[in-house]
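If you read the sequences in order, they're chains A and B. For the record, in the first sequence the residue sitting at position 243 is 243 according to the UniProt record's numbering, with numbers rising by one throughout. For the record, in the second sequence the residue sitting at position 336 is 336 according to the UniProt record's numbering, with numbers rising by one throughout.
Just so you know, the hints here were simulated from the structure itself, not pulled from any lab data. Do not take every clue at face value.
In this list, chains with the same sequence are indistinguishable; a pair is considered to hold if it fits within one copy or across any two.
[Stated by the list, open to error] Simulated pairs of lysine-lysine, DSS-like, Cα-Cα distance not exceeding 27 Å: (1) 90 with 106; (2) 106 with 26; (3) 17 with 58; (4) 60 with 301.
Number of protein chains: 2
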Amino acid sequence: MKKVTMADVAKLANVSKSTVSQYLNKRYEYMSEETRKRIAEAIEELGYQPNIIARSLKQKTTATIGVIVFNMLHMLTTQVLHAIEEECQKRGFQVIVCNSGDDPDKEKTYVETLLAKQVDGLIVFPTGKNEDVYRRLVEERFPLVFVDRMVPGVEVDSVLLDNFAAAEMAVDYFASNGYRRIAIVTPPLVPYNVPRMERLEGFRAAMEKRGFEVGDQNVIAAEPAALPRELKKRFVEPERPNALFAINDLTLMGVLRFVKDAGVRVPDEVAIINIDDVPFADIYTPALTTIAQPTFAMGKKAAERVFEQMKAKKADGPRVFRFSPTLMERTSIRRGKA
Amino acid sequence: MKKVTMADVAKLANVSKSTVSQYLNKRYEYMSEETRKRIAEAIEELGYQPNIIARSLKQKTTATIGVIVFNMLHMLTTQVLHAIEEECQKRGFQVIVCNSGDDPDKEKTYVETLLAKQVDGLIVFPTGKNEDVYRRLVEERFPLVFVDRMVPGVEVDSVLLDNFAAAEMAVDYFASNGYRRIAIVTPPLVPYNVPRMERLEGFRAAMEKRGFEVGDQNVIAAEPAALPRELKKRFVEPERPNALFAINDLTLMGVLRFVKDAGVRVPDEVAIINIDDVPFADIYTPALTTIAQPTFAMGKKAAERVFEQMKAKKADGPRVFRFSPTLMERTSIRRGKA
DNA sequence: TTGTAGGCGTTATCAT
DNA sequence: ATGATAACGCCTACAA
Chain A
1 MKKVTMADVA
11 KLANVSKSTV
21 SQYLNKRYEY
31 MSEETRKRIA
41 EAIEELGYQP
51 NIIARSLKQK
61 TTATIGVIVF
71 NMLHMLTTQV
81 LHAIEEECQK
91 RGFQVIVCNS
101 GDDPDKEKTY
111 VETLLAKQVD
121 GLIVFPTGKN
131 EDVYRRLVEE
141 RFPLVFVDRM
151 VPGVEVDSVL
161 LDNFAAAEMA
171 VDYFASNGYR
181 RIAIVTPPLV
191 PYNVPRMERL
201 EGFRAAMEKR
211 GFEVGDQNVI
221 AAEPAALPRE
231 LKKRFVEPER
241 PNALFAINDL
251 TLMGVLRFVK
261 DAGVRVPDEV
271 AIINIDDVPF
281 ADIYTPALTT
291 IAQPTFAMGK
301 KAAERVFEQM
311 KAKKADGPRV
321 FRFSPTLMER
331 TSIRRGKA
Chain B
1 MKKVTMADVA
11 KLANVSKSTV
21 SQYLNKRYEY
31 MSEETRKRIA
41 EAIEELGYQP
51 NIIARSLKQK
61 TTATIGVIVF
71 NMLHMLTTQV
81 LHAIEEECQK
91 RGFQVIVCNS
101 GDDPDKEKTY
111 VETLLAKQVD
121 GLIVFPTGKN
131 EDVYRRLVEE
141 RFPLVFVDRM
151 VPGVEVDSVL
161 LDNFAAAEMA
171 VDYFASNGYR
181 RIAIVTPPLV
191 PYNVPRMERL
201 EGFRAAMEKR
211 GFEVGDQNVI
221 AAEPAALPRE
231 LKKRFVEPER
241 PNALFAINDL
251 TLMGVLRFVK
261 DAGVRVPDEV
271 AIINIDDVPF
281 ADIYTPALTT
291 IAQPTFAMGK
301 KAAERVFEQM
311 KAKKADGPRV
321 FRFSPTLMER
331 TSIRRGKA
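Construct the entire structure; sequences and hints are all you get.
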């Protein structure tokens, strides 16, 4: 198939492999116009394509970075990936995408495989349960960036939403429009899932700041699939919430499923706000007020950090990059009467 | 950083590189239990990780396949990618994902880069405007599969929806529920975009089969962003449509934007059906009747085909795999009175 | 300005 | 059962 090698080109052009190599690397400086042309012709004629693998072996760099995500289907993932790809494209890098499915074992295997494949850097949406693996990378100063989640106890550049602020923003917005019976809707709370916990904390802090109580009655945690049922249960209680804060797009779906099935009117009976600016937010009725993550900026930053780390080769102190959420005011909340 | 090589392991274990290599490739057959253990220990102690690049150079296979898509953000893409990744994962392959942004030049560059990186196969969501590039691959018998779109004149395994049937399905369903004034809503029609044309043809055929006329009045083609405006224009005309067939998720958004802004009631004033089972289909009000593509099956098949081609190494005649759409009956169409 | 030679880390072929 | 040695295709001194 493709067996044309540099040697073939060299022979046809009547020069040595080195010269061809020079040519390929655009070091024309001391090359006669004459040979340059001959080489170009030979390449053309043979349809020569350099073998980057061979080059990589020598140069110890592959111009590819690995990205391990825990959920490829998640909208955030897709958008961040897109930005990463774009940033890599600019620099002539390629991206190997791996989906861990939030399984730490798979994640670990992927890290090892990618390292074996000599990727130049790694961007990970971590499961959060592989501290040892990450720590080794950090010790080796291997270019690594976390996105969306971070791993407590592992000092790595991390790109994430200012979750605390996002939750505060939700509560503030509700409160300033007269809502008090605010509940947070979230997947099960597990300690290693940092964003989840941060959102809860932000929620709690903002509530308490206003003297609103936070207890079981306004923390609704369940698997997305079980959410509608859980919400229905909550809504028969006397002091049912009149404002729901869904901490991500998946829980939002649970909430919307519920209001539809139960015939609860939005925003008259219950107001809704959520994190993640879902694509249907403004065609839904009522248009959904959301809190958007700057996904593109986050992806870009993540890529930029790996590249900087690749350059630096000295750990210039890992940093956490917090991105500010932005409120997208629409109509799933009744305005006024603060 | 990672300079531990096979030679180091060999030295520490007091064996030759060859033996270590055997060990790594699990050819224990003629290896003493003793040396086996020594090697294992050495590897452990040094934290040795094989260099797959070096292996690839020798074996001429990289266990990675390249995927070039024209729009990473598209839902179909994401889901198909997911399936491809999963299928590759099973076989120990990795996936390099590239986004052409529907730009033929970028697409071409990516093909070249991926070949230079020695990927073992290529799955492409083609822009449709690089026949020459593809034809070369075909001549070289390079494992290649097209997804979603195909390229007329290039004989390659292609995985796509039965677009004709999908469009027929839409018309049939409308018609059998008493609708006559059916319009198709599509992005601009360009000849190299095969699915688009096929959907239009299916629409036309199904309409004519019933003696419904097809003309300018029921082909609404515009850039998604311009669709709401275009639809508004159409809806002031006397014989306005009472059924809209959106050929993909993007045009659906345009349609929904329009009905919301114009206050057109669904399904009372206009019924809607579309291709692509968008995630919010059943939380929308009314729940959207859609025509789903088996995205997962399509991705899986695409991956399987590349692997088969890699095995076969003989062009066993390129095939087009048509996947059947499935109707997801919900409530954006009034039932009955056929 | 161009060529020679050695090496990158692994595998494969033969010996032993 | 294990080892020596030559590739794999490219890059890079250094030599000419």
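Do the hints match the structure? See the list:
1. 90 with 106: between (30 Å within a copy, 11 Å between copies)
2. 106 with 26: So residue 106 and residue 26 pass the 27 Å test across copies only (21 Å; inside, 41 Å).
3. 17 with 58: So residue 17 and residue 58 pass the 27 Å test inside a copy (15 Å) and across (19 Å) alike.
4. 60 with 301: within (25 Å within a copy, 35 Å between copies)
Against the hints set out earlier in the document, no violation occurs for any number.
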